[in-house]
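Novice: Chain order of the listed sequences is B and P.
The end of the first sequence is residue 1089 by my numbering, with every number in the run present.
The end of the second sequence is residue 1089 by my numbering, with every number in the run present.
Be careful, since some hints might not be right.
[Claimed, not checked] One-sided and incomplete, this derived list gives chain B residues near chain P with beta-carbon spacing under 7 Å:
1) Ala821
2) Asn824
3) Ser828
4) Ile973
5) Leu1032
6) Gly1038
7) Tyr1039
8) Phe1077
9) Met1080
[As the list claims (entries may be wrong)] Simulated DEER-style distance windows between Cβ atoms:
10) P/Leu1087 / B/Pro859: 25 to 33 Å
11) B/Trp825 / P/Ala989: 27 to 35 Å
12) B/Trp825 / P/Lys1024: 23 to 31 Å
13) P/Glu670 / B/Glu1064: 39 to 47 Å
14) B/Glu719 / P/Glu1061: 21 to 29 Å
Don't read these hints as lab results, they were simulated from the structure.
Positions of the beta carbon are idealized from the N, C-alpha and C atoms, including for glycine.
2 protein chains.
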Amino acid sequence: MKNQINLLPEDIPTKWYNVLTDIPQPLPPPKDPDDGPSRIESLPKLLIGECLKQEFCTERWVDIPEGLIELYLRAGRPRPLFRAEALERELQTPAQLYYKGEFFSPTGSHKVNTALAQAYYARQEGYERLTTETGAGQWGTALAYAASLVGLKCTIFWVRAVYNWKTSRRNFMRLLGAEVYPSPSDQTDVGRALFNKNPRHPGSLGIAISEGLEDSQKNPEAIYCLGSVLNHVLLHQTIIGLETKRQFEKIGTYPDIMTSCLGGGSNFGGFILPFVPDVVNGGKKVRFIAAQSKAAPNLQGEYRYDFADHAEITPLLKMYTLGHKVEMAPIKGDGLRYHGCSPIISSLRHLGFIETVAYPSDEKYVFDRARLFIQTEGYLPAPESAYSIACAIDEALKCKETGESKIIAFNISGHGFMDMVGYQEVLKL
Amino acid sequence: MKNQINLLPEDIPTKWYNVLTDIPQPLPPPKDPDDGPSRIESLPKLLIGECLKQEFCTERWVDIPEGLIELYLRAGRPRPLFRAEALERELQTPAQLYYKGEFFSPTGSHKVNTALAQAYYARQEGYERLTTETGAGQWGTALAYAASLVGLKCTIFWVRAVYNWKTSRRNFMRLLGAEVYPSPSDQTDVGRALFNKNPRHPGSLGIAISEGLEDSQKNPEAIYCLGSVLNHVLLHQTIIGLETKRQFEKIGTYPDIMTSCLGGGSNFGGFILPFVPDVVNGGKKVRFIAAQSKAAPNLQGEYRYDFADHAEITPLLKMYTLGHKVEMAPIKGDGLRYHGCSPIISSLRHLGFIETVAYPSDEKYVFDRARLFIQTEGYLPAPESAYSIACAIDEALKCKETGESKIIAFNISGHGFMDMVGYQEVLKL
């Protein structure tokens, strides 16, 4: 058997899978807080029309428009599934390890899958410009890329504390033609108020979201885009799991365990959701394990309504949350540092379909396991993906103890070429 | 038609193509200089046995060992060929542009294709450690990767002036388990003599080569590896062109123009050589254009015997050369900064099969064209690959003037995720 399983471009999935139709209990809808203006009513101004529709979609399968499939092909999809035989040998485990190569991404992460979809729909709906915020920078880069490919402008408000030192990623966004502002910026009312008081204000994701939203709401040619958490984002990301499923079918195998890192939930959801109906309705047994950081173990929080953002601009969403005002320790896997988990994943967790593990926030453990992966499999994972690897290795070592030859699948959601500082600092290279 | 043309892992070429059998005149052999010890006699100590055999191979097709095919699959081969429709539209050219995605490489460049082969043979021949030098860092990373995958140690002597600032790439090599020394180092006699005089000596490729050679010659468990120029290196790289050829066959197309950047010649050769027999023997007309820098336009030099290295350790090779002691201006596309061109490409140039173009060494022109590529196609090329892009765009614009719908193929030999400083400085981002 070959250690790389791939599909041809002509075999790319042409529909996304909508898990909403298969979750045993209806998803609790978003709602307004008791006080203040209605967030629900402002949703149509906040979201791309087609994305808002998809948010409450009742069809199991959603057509991927032909023009968007072309964009997915241009982004190098389908992506390979690899058998990690060298890692298995190193671990001396009877388990079989498979990893999805989402790191073969033009911008470095899985975020392109929804960025392309949102950019595509936004252009169709006549918008000329996309606005967004970014924290770690992966989402901002993906949206800059998508905007460039479909011929839209793109404005990114980037948390200043990160903007200042991630010069490579910042320059990449500019090369892609995006306007990138350190947030708080002097481009919006909310930013200006803070910027004028302190031009070196470090910023926060909450402030950056507010700036992106203000920009789009004041300028009708612009629309705001979101990179995780929401149902339509997870829908777009199911392309990952759909490909993976076909790849397993091709070799006549089915996973016993699926794991990936989880921040807001778009990577984890995109990977596992297409397998969920087999478990919920089909009698299959798959353990779905979310790999998190102790800095933000949101799936170990409370299951309740909470805001998706610090500034309380969004509706309340029913989700596992640490509280939208919680302070989280800084980690290199910054994409996992989010207070809440997407309502879809939260609901599945609540219903007992999803396990979670949280790794120490000094990240030594996960980076050590990433190093083992790098030295055996040769690919350089993003810091976030180090969590997926750590969990997969943990499970493979359990199999070594029990002698079980389980099939373990994990997703490497991004590459680490622009994140070597993280490796250097944690592993003291 | 799809804009991505790919092959399945099961369709990967299983033989390399050896152009030596098809060049109309026999390749002038390497020879010794009039003075000093025989370099020819020392070749068996200098090269891996199988590579030395391949250097003078008389068979048209050379089997790729099965274990090495597995390694190629693990490295993500075959790699896609893309139709650059968006770039065509932007240029309003009737030409069709196709680019090979060699940038989907675990270490960032095409160098893995020969690194894996050399590491594979070295392990088969009982060596425990690989030694080499590196300038820009791409070759060192590729060899560190290959050594790690086959379970060998790896020692890299890296020109100190580059080692000092390319921290990301240096840490990547260390993550892969390699020992990396700034050269001149205190690890060898030749290095120590210079290092003790000046511990901040900036080094040179010539010194680093001498250190790598001394290390392997004094330690019988180690063998030295070379990343370009030689026949066996180009042989290994033909996997690029062989895949490309099958991809064109798949869509019933054949290129009129093929271009790629050229330093020592391994990327350019790997891309074009499988098409050469169709031109030499088969009546096809293909313009092969080498894209170079005016800092090192070696194909515009003299065709004569010259040393391959500054320190005169190698035999004399018949090649186009600027002279092995020439001073070359620093450029961001450092991989193109080499005084001579591989004997195979030089011979084909001498026989009139290869054209060359050299771009200004301030690199504004090539980086501007790379930006156009990034904003239309979305992939971030290495600085070296910016030269391939510039040449392809030049030819596409000529087609616009003449109204010819030529098929233009170019290779993007590497990605630029670790080279954003170059883009920033040249384009003033």
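Novice: For every hint, state whether the structure bears it out.
Specialist: Against the structure, the hints come out as follows:
1. Among the interface hints, the one on B/Ala821 is violated; its C-beta lies about 20 Å from the nearest C-beta in chain P, farther than the 7 Å criterion.
2. Interface restraint check for B/Asn824: the shortest CB-CB distance to chain P comes to about 15 Å, outside 7 Å, so the restraint is violated.
3. The criterion of a C-beta within 7 Å of any C-beta in chain P is met by B/Ser828, whose closest approach is roughly 4 Å, and the hint holds.
4. Interface hint status for B/Ile973: violated, as the beta-carbon distance to the closest one in chain P is roughly 31 Å, over 7 Å.
5. Annotation: interface hint on B/Leu1032 violated; nearest CB of chain P at approximately 10 Å, more than 7 Å.
6. The closest approach between the C-beta of B/Gly1038 and any C-beta of chain P is roughly 5 Å, which is under the 7 Å cut-off, so the hint is satisfied.
7. Of the supplied interface hints, the one on B/Tyr1039 holds, with its beta-carbon coming within about 5 Å of a beta-carbon of chain P, less than 7 Å.
8. At about 4 Å, the closest approach between the beta carbon of B/Phe1077 and any beta carbon in chain P falls short of 7 Å, and the interface hint on this residue holds.
9. Hint status for B/Met1080: holds, given a least beta-carbon distance of 4 Å to chain P, under 7 Å.
10. Hint check: P/Leu1087 to B/Pro859, Cβ distance near 26 Å, so the stated range 25 to 33 Å holds.
11. Range check, B/Trp825 to P/Ala989: Cβ separation about 31 Å, and the 27 to 35 Å hint holds.
12. The hinted window of 23 to 31 Å between B/Trp825 and P/Lys1024 holds, with their beta carbons roughly 27 Å apart.
13. For P/Glu670 and B/Glu1064, the hinted distance range of 39 to 47 Å is not satisfied, since their beta carbons lie about 30 Å from each other.
14. A beta carbon spacing of about 51 Å between B/Glu719 and P/Glu1061 contradicts the range 21 to 29 Å that was offered as a hint.
Checked against the numbered hints above, the structure violates hints 1, 2, 4, 5, 13, 14; every other hint is satisfied.
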